[in-house]
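S.K.: Single-letter residue listing:
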Amino acid sequence: MAAVTRWIEYSTTASGVIGDGRAQGCKGTRGYSIGTASVGDTFTIGPTTNNLHLSMDGESGPYITLYSGSNLDARFVARDITEKLHNLGKVDQRWDNAICVYENIPSAGNRFKIYSGTLGSASSVTVVSGTNSAHEILGFGTKSEVGGSATGNTFAGDASISGTYYGLFDDVYKVVISNDNDAVRGIGTPTKGGSNTYAGTMTTGGVFTNASDIQYVIVIDVTNGTTMGAGTGNVPTMTWTSTGSADDSSASTELLFPNFWYKVGTKGFMVKFTDAVFNTCSPAWTIQCYKPDYAQGTNATAPVGTAEYVWSSTRGDDSGASRITTVSGGFTRVGSRGLNVKFNPTGGADYLGAGDTFYIVCAAPKPSSYNISSLNYGNVTVSTESSVKNVMFEIESGAAQLSTVKFGLQSHGTFAHHSAGNNDTYFRFGTVGAGNTAGSAPINGIEWYPGIVAADIDSDTPPSYLYSTKANLLVVSTADDSQSVGNCPLVGMTSDPVWMGIRLGAAETGANSTINYRLYFDYA
Amino acid sequence: MNGTRYWEAELANGNVYREGQYEWKEVPKKAIIRLSLFFDGRRWDLTGKEAYFVKYRASMVPGIQESFRIERRTIGFYQGAEKVCYHVEEDSGRFTMEVIDTNVG
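Residue numbers (the numbering used here), protein chains in the order written: chain L, 1 to 524; chain V, 525 to 629.
Don't take each hint at face value.
[To be verified] Okay, the calculated bits of chain V under chain L, using three or more residues with CB under 8 Å as the criterion:
| no. | segment |
| --- | --- |
| 1 | 547–560 |
| 2 | 578–585 |
| 3 | 588–595 |
No wet-lab data here; the hints were simulated from the structure.
Please read all numbers here as calculations on a predicted model, not as lab measurements.
C-beta: ideal position from N, C-alpha, C; glycine also.
Next up, chain V with everything else stripped away, as it sits in the complex (with noise of 0.2 Å):
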């Protein structure tokens, strides 16, 4: 994890988990009302949705690991057959937001 670019969830007892202490299906998603993405000081929360979810875009040279690197942090929630998501590039921190329709793919 880097250090200051990380998911929070917070939940209805108050416990927290936070990206690098837990992985996120370690977190019990139905108590989440806090879904929170850090991102070198800079912060987006959501709050109040059904659902939340958490993704990631890597990439690699095939083969080696090593190589392994994340391209964009994404945090979101489902609306429906929607998946709204808040993406930021890793590289650039720039924050873009997306809807999928989960039923074109």
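Isolated chain L (complex conformation) (with noise of 0.2 Å):
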């Protein structure tokens, strides 16, 4: 079976943009858009059916156009709607912040989720028909379009943002107002079922905000398969259930792969596991949730400057045990990726409320060009550095799960000076991305650091922001003696980026001369 695959470059400048929900000062929720038909985990996209018609907050945009291919991977399309959206040009939170998603659904299950670029009571999204439409085929013949809210929250003034997004990929942060008295983002540990025989790992992730606690009782029934990974139908399904029936799913979703957050709930509570064999029970995990109770000590509502609050992001970012006190007047970090926050009260008197809850809607760098075949380093002069390009591996269909990434130089071409103990020619190599990320704590979730320069991957020592360098790559012919490679499961089966140049030594002679790099991916 050939995964079948493509190369992504970005410009060493792309950079993420940060979003306040349009001027919303990260206040009330997004709107959206599910296609609620049934849908399976891989989706064949035409010339007939590649264009997807929508409108974010009752702006009709031009259409988009997918990318076409055989069973591709739900991942792989919703980024690639995502990236879409993006590259329409609009300057224009509503579609440059805008995020396709696959996630399950508490009545449906996996299904597309569009969400518009911003937050409040004028966020919507609504997905039509036309020409050559999509929409059938990714689920959207039937839908639930939920238009955002305006915020809830207590606190009458707003948040500003600052910083440089470090991300790789789109990601929406959740800050909430709490000193975490109960739970850790108010998420208790789990409690594994007697019955349970999963030896794999279960992950708790998010932040739970609602107006009273829930316990919610996870359900694993293996009817279709006992491992995650062997696609739509056979792979083991998961229901919940919680207190009062409060926030119960009515559907099971399928645990389709490894290692990816699966919502439980609708108040911010998710969950991952390592791929191990599931085994039927009823309860797998009990876990009881906590609404946030005080902003500061034993106080419901706290100023800034004392008030606390803690985060999660949407792709697993979160604060962990730790929360942060509010700044009176200045910037305060969110996440391991180079945010911060600021919150502006009205006045004296407006204080920040537990349970207040404020977003950041991170637009993630964009590509600049896909299915590349070629990188062109352009004229280098001796004794210099060409430029640095960046590439992205990923696989696209064929595949559900890709691992063990390694990179390697499988030819210098005519390049006669390579390695030849003398003022040799070079080639460079840097990685880090979603799979490994670089930094110094509290700023370690670097996955992608925008303006690398050669004197960045000169070095086998990498600079703080990147995970791993080579000054020189050799030629090899074997996984093993190439370079490592992160991957990331959560919106696709992606490589972390490579970062490549190369140094011309001062006896290099020649032109054109044609180098071959080669992957080797592990995929199941």
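The two chains are supplied separately, each in an independent frame; assemble them into the complex guided by the hints.
M.R.: Quick look at the structure:
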């Protein structure tokens, strides 16, 4: 079975964009559209089914043209939709920060969900039919569309954001005022059911927000399959119940992918599982979730300067067991990828309340080109460094899991002074990404760093913002001798980005030399 | 599919799914009673396991789909949180076993 792959090029200066919901001060919720018709985990899109017609916050955009292919991975399709929305060039957060995800819906299981990039009551998404429309294939033949809502915060003021987003993919940070008095981010320690033989690791994520505490009971069923990664119809399923049926699932969710976040309810709680054998059991896990009680100490409200907050992102960047105290008039950190937030009261009596919620909508750096088959370093003068190039590898179909990615130099072409022991030619390499992050605590979740130059990858010791570098790749012929590159299952089967460059030796002559890199990867 | 190198899954009802005729994801995994790897006349059989998997190692020159090649074929089974792998290198036919703790990565 041949996995179908592609390579994507990024400009080294590409940078993410952080959004406050389009002048909404990070308040309110996003409008969305869910395709509720039954869909699988792969999608075949062709020339008569590749247009998606939709509007954001009432503005009709030109349709987007989706990537065509057979049996495309659902996560790949979701990210393609997101990137196409961003590439419309609107320079408007409605579109530039819109996000499509493939995620589980309590009433339907895994579905496509398209969010507007804005927050508040004007936020909405409408998917419509049109010429060569993809909406039926993607499950939008029937749909549920819910507009954003205005904030329910106690705090009358708003929030400002600053910083550079060092994430590689889109993400949304949920910032909640809480001193976490009951449990970390309001999510208690899971209790495993007595008949649950799962030997893997279940990880909880998110920030729980609700007006009351809820206990969730997760139930696993292996009628269709006992392990993830086996394809729709062949994997375990998950349902859940909740205290007073306040937030139950009404349909089962297929656990399609290991290490992929699945929502439990609608209040912010999510889980992921490592790749191991499940068994049918009820309860599989019981988790007590707690509403945010206090903003500070035992005070339900507190002024900016003493109120505390926690956070979690849709991709699992969270505050762990720590929380941060707000600073009057100043920014404080959110997440591990370069973001900061400042709370702006309307007056001295405007206090932050426990459970007040703010969102930061982060758009990823945009790829510059897709399906690249070559990179041109241009004219490079001897004894100097070339420009630095960046590429990312991904599987678009034919697999459900990517792992053990390695990158090596297969041939140095006609370069005669590579590793010749004199004024050598060097082939530079560096990487960081969602699989292997970098940075120094607390900013240690760096997945992308804009502005990488040759001097950043000319040593075997990486700078703090890269995971690894190699000053000189040698010609190799095996995966074992190649450089390790991370990978991530959350938005497709993607490798971490790789930065490359060449330094020409002083004695190098000739022109138009072609070199080959080779990438090794495991897939299933 | 290479004609002499392929996996084959036998189900409890006697049906046989073979690489090249079916994709692995089409195989009803719960019904498997035997998973085999055939490699140039050699054969490895896995039976009596709770869950099975198939995996490949491949390589390619960036962007050149024609350069895609299989480097290693793997069949295996789950043992709790461990994946027991039977690897066969495509070039040499060298066989190795590996146990991966999926909780570690």
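S.K.: Where does the structure disagree with the numbered hints, that is, which hint numbers, in rising order?
M.R.: none
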